[in-house]
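Chains as they are written, first to last, in my numbering: chain A, 1 to 736; chain B, 1001 to 1736.
Any given hint could be a false lead.
[Said to hold, decoys possible] Straight-line distance between alpha carbons at most 30 Å, and here's what the computed DSS-like set of lysine-lysine pairs gives:
(1) B:K1071 - A:K350
(2) B:K1064 - A:K185
(3) A:K555 - B:K1555
(4) B:K1555 - A:K64
(5) B:K1011 - B:K1555
(6) A:K71 - B:K1011
(7) A:K116 - A:K713
(8) B:K1475 - A:K71
(9) A:K20 - B:K1396
(10) B:K1020 - A:K555
(11) B:K1475 - A:K622
(12) A:K20 - B:K1282
(13) A:K475 - B:K1185
(14) A:K64 - B:K1475
(15) B:K1622 - A:K185
(16) B:K1270 - A:K64
(17) B:K1555 - A:K185
(18) A:K64 - B:K1622
(19) B:K1020 - A:K396
(20) B:K1447 - A:K206
Hints are computed from structural coordinates only; laboratory data are not their basis.
Number of protein chains: 2
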Amino acid sequence: MIQYLTTHPWKIVEEGFQQKHQRSSESIFSIGNGRFGQRANHEENYSGATLQGSYVAGIYYPDKTRVGWWKNGYPEYFAKVLNSVNWIGIRVWIDGEELDLATCTVNQFRRELDMKGGWLLRTFDATLLSGKQVRVAAHRFCSLADDETASIRYSVTPTNFSGNIRFEAYLDSDVSNHDSNYDEKFWEPISSSAAPSSGFVAARTKKTAFDVAAGMQLSATINGQRIEPQFSFSHRDFFAENTFEYSVSEGQTITLEKYIGLVSSLNYEKETLSEAALNAAKRAASIGFDAMLAAQENAWANIWQLADIQIAGDDEAQQAIRFNIFQLNQTYTGEDARLNIGPKGFTGEKYGGSTYWDTEAYCIPFYMSTKPQQVARQLLVYRYNQLGKAIENAAKLGFTDGAALYPMVTMNGEECHNEWEITFEEIHRNGAIAFAICNYIRYTGDKAYLAEFGIDVLVGIARFWSQRVHWSDAKNMYVMHGVTGPNEYENNINNNWYTSYIACWCLKYCMEALQYVEQTHADAYQTKVATMKLDREAECSRWQHICDNMYFGVKEGTNIFLQQDGFLDKELRPASSLNAAERPINQHWSWDRILRSCFIKQADVLQGIYLFEEDFSEATIKDNFDFYEPMTVHESSLSPCVHSILAAKLGYEEKAYEMYMRTSRLDLDDYNHEAHEGLHITSMAGTWMSIVQGFGGMRIVNDELQFHPMLPKKWKGYSFKVLFRGEVKTCAVGEI
Amino acid sequence: MIQYLTTHPWKIVEEGFQQKHQRSSESIFSIGNGRFGQRANHEENYSGATLQGSYVAGIYYPDKTRVGWWKNGYPEYFAKVLNSVNWIGIRVWIDGEELDLATCTVNQFRRELDMKGGWLLRTFDATLLSGKQVRVAAHRFCSLADDETASIRYSVTPTNFSGNIRFEAYLDSDVSNHDSNYDEKFWEPISSSAAPSSGFVAARTKKTAFDVAAGMQLSATINGQRIEPQFSFSHRDFFAENTFEYSVSEGQTITLEKYIGLVSSLNYEKETLSEAALNAAKRAASIGFDAMLAAQENAWANIWQLADIQIAGDDEAQQAIRFNIFQLNQTYTGEDARLNIGPKGFTGEKYGGSTYWDTEAYCIPFYMSTKPQQVARQLLVYRYNQLGKAIENAAKLGFTDGAALYPMVTMNGEECHNEWEITFEEIHRNGAIAFAICNYIRYTGDKAYLAEFGIDVLVGIARFWSQRVHWSDAKNMYVMHGVTGPNEYENNINNNWYTSYIACWCLKYCMEALQYVEQTHADAYQTKVATMKLDREAECSRWQHICDNMYFGVKEGTNIFLQQDGFLDKELRPASSLNAAERPINQHWSWDRILRSCFIKQADVLQGIYLFEEDFSEATIKDNFDFYEPMTVHESSLSPCVHSILAAKLGYEEKAYEMYMRTSRLDLDDYNHEAHEGLHITSMAGTWMSIVQGFGGMRIVNDELQFHPMLPKKWKGYSFKVLFRGEVKTCAVGEI
């Protein structure tokens, strides 16, 4: 754990500037509006360690695959989340001396992310090498109200001298990705232009040919009074700038306002893109910073009205849940059906791709309860639209007859991950995609979804499982070999309980769904059967035979499900017996050692018990939790939330609280020493589930919403709202 | 299979030029002398598909590791076998028109590798686009008698015109590796020079700073009469050339002789290297092509005197065994203790590294029987010298207290492979290294080797196994999890019978060796114990406990050893049931499908039965062979030889013959469609074993050499010799 942030119920605050935390802070203080987002890089030049990051939703680059040893079936490329145009840049010179926090003395540094209002403010006093002191305030946000715009208000006050302050406000598309496989440049220049107080740049991604254009419009004040400085402007490939210099007296404040328009060819014809960017910037400028900020705060107030979770008596917990909800809303607003929820959102470039099983297993419940039903439905349709690619993907691996394997990581439906033990074997993702359909219908009652879109996806997935298992003469049962479960610290294992369980569930649910569609949507049923070339009798008969004869390992004499064949042959010991210096083990142990150990990266058997809770007795849930939880090292962000929910159900209040704090403060307290790479966005939805499904005990039973709340000892009370079938339901516990 | 070569007992012959076979022929017709080697690239310019390859023993480049996803313990680099200076180059112009076999019409093309004499001859008639016809003969060899030299005799005869023939003879170090990870250049220029009829170039490898210099000396004749043409010469970085032009009448033959000196900083001070190269070239020139060729044939006659295997009545078999023996002798002569036997020798750049477990498991028996004892001993000492690195390597993976894990692939003792399932898990290689010590002593009687070098290696390896197994409470036995056996079509499996068996054997043999050294070399024993910090009582007691309580899977009610846990749960079917279009499966199936299948890449249980034959009854050997052999697809070059030997032992004459042909003609008939990448050098020693240990039934029993020969039906007879403890022993069977 690395803790350096101040606790506050509505804000994330960093007091004092420490260069070693800069990259982590850049992640944590990221801002975004669902359409684009920006790490908390400094506006002014910074020569210290930094990861520059400006991301535009849906814009990616197919980076040529880098592997040591090629395997048949590997994809040709990995879809990288692209670092895009730098629109925040404002260089500052004080009497010719450049302001750079890496080289001057910094006092009174404060960075503040206001989650209630959706803005970022950074203030500091800097003493330059010359001894000159300035006070700086940099205030910015990505507008939710007008999601093509952003605004920056950047103020400098000389505090011990009078002198010339020079600003250079620029747009720069000549950026690169830190994690490029072959140090390639991903962008090529399209056009750029500058005029007094304005400019734009447009650049195009290589291969994918996405265009992104940014426009800027500038204005300035002295002590709040508008001034009309003499702008010098220039542009070149990738770059446009405006500079001006002003004589400022000691104690006066000079302020530059930089209004940004940022648009992409996802939403505009390429020919009109630069104009659209410039127009958006002008629109923002005409509204002005203060009015835009008011609109921003208003938009966030609307979000918080439904989405807020209040916790009394525990500011750390309160701050953390709001941080999680805030980041989710910055990442995905549900307004564009082509987008999904990237694991790092707009906060870093690691992992790449936009869509993982995280969306179905973790994010859909959050969006289902805090947004109109349409948003979750849209996320399901996203997968429906990619069914053809999933069938192609399965065919590459030797599956036939319409079997579908959804990719582990994707941007456009094509697989782009390339580790055989994940790409080819972590196939439980297919199960989560089917489960989400069921989960959505259970929550919304929208059963008609099955007839319109759901059944195609369910049949494709059922066909996959049907081919992926095989009959074992030795066991006289079906088995599933060569898989990697959610616990990625086991690879290429046989009979992973979770994968086999969800596979059988998929087969059963698909058969039920077919029956439902046949009975209620006869025409659609006939069309679908014909399109899918479904031989229902033969296929369902095999599926039923698999469900009736699937092998599941159980620890003899107990009701503990075996994570995989041979698990009990391991040296079983609790994670608490590990030396602190060895943790996280994935940063200290060789891979074979991790694989041979009993240590569990994230909920695996317990993930299945969480999803299918109603299938198991409380004793079974308890016994499995007691067996597996102590061996779990939670080195995946997706782990603590599931444990928190199960612990709450079992009345393990302390464990539930510990796991809640771990999931909710994972990045704020940097449990796994990786916040500098970006935030764990998708698991933040798991944090939300820890309260709503965990402490709140929310369940849907027979079309009804139920709460079975518990109150953690450290809290005085808590309350939250969910939207359920058009109605807002409130759960309030204790003093709140 | 791809068959296009002519059968001949002493020659490899290609009749007719087919561009599609060029890269395969470049591999198959490679020449070398243990110090350097050269693919059969054309001397003249060739614009068709080609893999240029000139290799100098011991010269490598640490190419930065390329993996998609880094794992702790991966090496920083992969030691690449370097494509080195092009010394064969001779460009040819006919009245200004360049000779290029890709663009002219080729008739009477014949390529001939004379294995008896160790030379390569290529002859052809070419009709250029102008209609002019020339006859060309290119004759070359890498000298064994003077292994710093090579010679080329290149003749051109105009057959339908008189005209100007221009030669450009050059040396070019500006070469690259086809398999560079990041398209880096591996060489930088050092010096170059040219003078009339001579020149040199020297280049240095980046990072490793090996220098390689080549010198050339030229002379020319018309119809065999020496001429003194006017040479134009030039040089630049990486490059030196001499050109001359001559007016040749129809039917006259103009011949260029190019004498090469090729040396490296392994054998010379860097300052003297260019001079040494030029001196070597001059030395060769002063001897002359014919006298050098006579010396070459003499040197090869000396090799063949002992190493030849004669087969009567089956020219395909005869040609093949000589090809295997020939290539082994071209690759490794045993004269330099720093060198080892790379899997592709001097015939290609794939795989990289020079030392695999192939050396111990396959090559040592060949060199032990066909070279003085010193050569095999030197190969063992090579590993002794790298023990420190093997201990470091094990420490990187978390092993302690002097445990040694030898690398999967190495050039200098450091691991350079980077697939976790191989690098960290294919640990049976350690067993082969220990076994080779035993095998060497059994063959030579040189037990003193244990006290001098062997015991250190054995203890390091025993300590590794002792830490690599763990106690299973569930089984109440020791188990070994997370390994990859010789059959690389199974990864990360538990209780691989072969690995566990050889591990226990290592522990037992180490304990015996300690006892022997203590009893016979008391002083050495004391020193070693102190150096190794050996707590003999405690360590041996654990080793014994492991040997007494190791888990080995057996198929119930049979004596079939289970390749791994869960093997019988697979769908078991013979390789003969595979569709021909799917083979080799590693070129058609996705990796997970291969892993889930029962198909075996190469001998695994059978490898153990082969090595420890005396531990098993004939019935056990037979039952295991009958069980596993049908599922084996032999997609490793190391597979058929072991099956051939066991089949011969079991009297399965047809299978033994089939497997012999497959191992011996693997590259000549290109069974696995990969000859273009280079030859399978190390498995060629396995081919030799197929005859000597297989058909010949050679065994050492109680310090005595025995033969138990059988005669394949297709053969009239065969004979071979082996050197055993200073004496030449002959095995002759049938009519020979």
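Hints, verified against the model:
For the given pair, K1071 (chain B) sits about 16 Å from K350 (chain A) by alpha-carbon distance, which is consistent with the 30 Å threshold. Of the supplied pair hints, the one linking K1064 (chain B) and K185 (chain A) holds, its CA atoms being roughly 20 Å apart against a limit of 30 Å. The straight-line distance between the Cα atoms of K555 (chain A) and K1555 (chain B) is roughly 23 Å, inside the 30 Å bound, and the hint therefore holds. Proposed proximity of K1555 (chain B) and K64 (chain A) is contradicted: the alpha carbons are some 46 Å apart, above 30 Å.
A C-alpha spacing of about 48 Å is found between K1011 (chain B) and K1555 (chain B), which places the hinted pair above 30 Å, so the restraint is violated. As the CA atoms of K71 (chain A) and K1011 (chain B) are separated by approximately 37 Å, the hinted pair breaks the 30 Å bound. At most 30 Å may separate the alpha-carbon atoms for a hinted pair to count; K116 (chain A) and K713 (chain A) meet this at roughly 27 Å. A threshold of 30 Å between alpha carbons decides the hint, and for K1475 (chain B) with K71 (chain A) the separation of about 35 Å lies outside it, so the pair is violated.
Distance restraint check for K20 (chain A) and K1396 (chain B): the Cα-Cα separation of roughly 28 Å lies within the 30 Å cut-off, and the hinted pair is therefore satisfied. The hinted pair formed by K1020 (chain B) and K555 (chain A) fails the criterion: a straight-line CA distance of about 59 Å is larger than 30 Å. Distance hint between K1475 (chain B) and K622 (chain A) is fulfilled; the C-alpha atoms sit about 26 Å from each other, no more than 30 Å. Between the alpha carbons of K20 (chain A) and K1282 (chain B) the distance comes to roughly 63 Å, so the proposed pair goes past 30 Å and is violated.
Taking the CA atoms of K475 (chain A) and K1185 (chain B), the gap is near 55 Å; set against the 30 Å cutoff, the hint is violated. Restraint check for K64 (chain A) and K1475 (chain B): not satisfied, since their Cα atoms lie roughly 46 Å apart, outside the 30 Å limit. Proximity of K1622 (chain B) to K185 (chain A) is assessed by CA-CA distance (about 61 Å); at most 30 Å being required, the pair is judged violated. At roughly 40 Å between alpha-carbon atoms, K1270 (chain B) and K64 (chain A) are farther apart than 30 Å, so this suggested pair is violated.
Between the alpha carbons of K1555 (chain B) and K185 (chain A) the distance comes to roughly 57 Å, so the proposed pair goes past 30 Å and is violated. Between K64 (chain A) and K1622 (chain B) the alpha-carbon distance is near 49 Å, which puts this suggested pair outside the 30 Å criterion. With a C-alpha separation of about 28 Å, the suggested pair K1020 (chain B) and K396 (chain A) falls inside the 30 Å cut-off, and the hint holds. With a CA separation close to 66 Å, the supplied pair K1447 (chain B) and K206 (chain A) exceeds the 30 Å bound.
Of the numbered hints stated above, those contradicted by the structure are hints 4, 5, 6, 8, 10, 12, 13, 14, 15, 16, 17, 18, 20, listed in ascending order.
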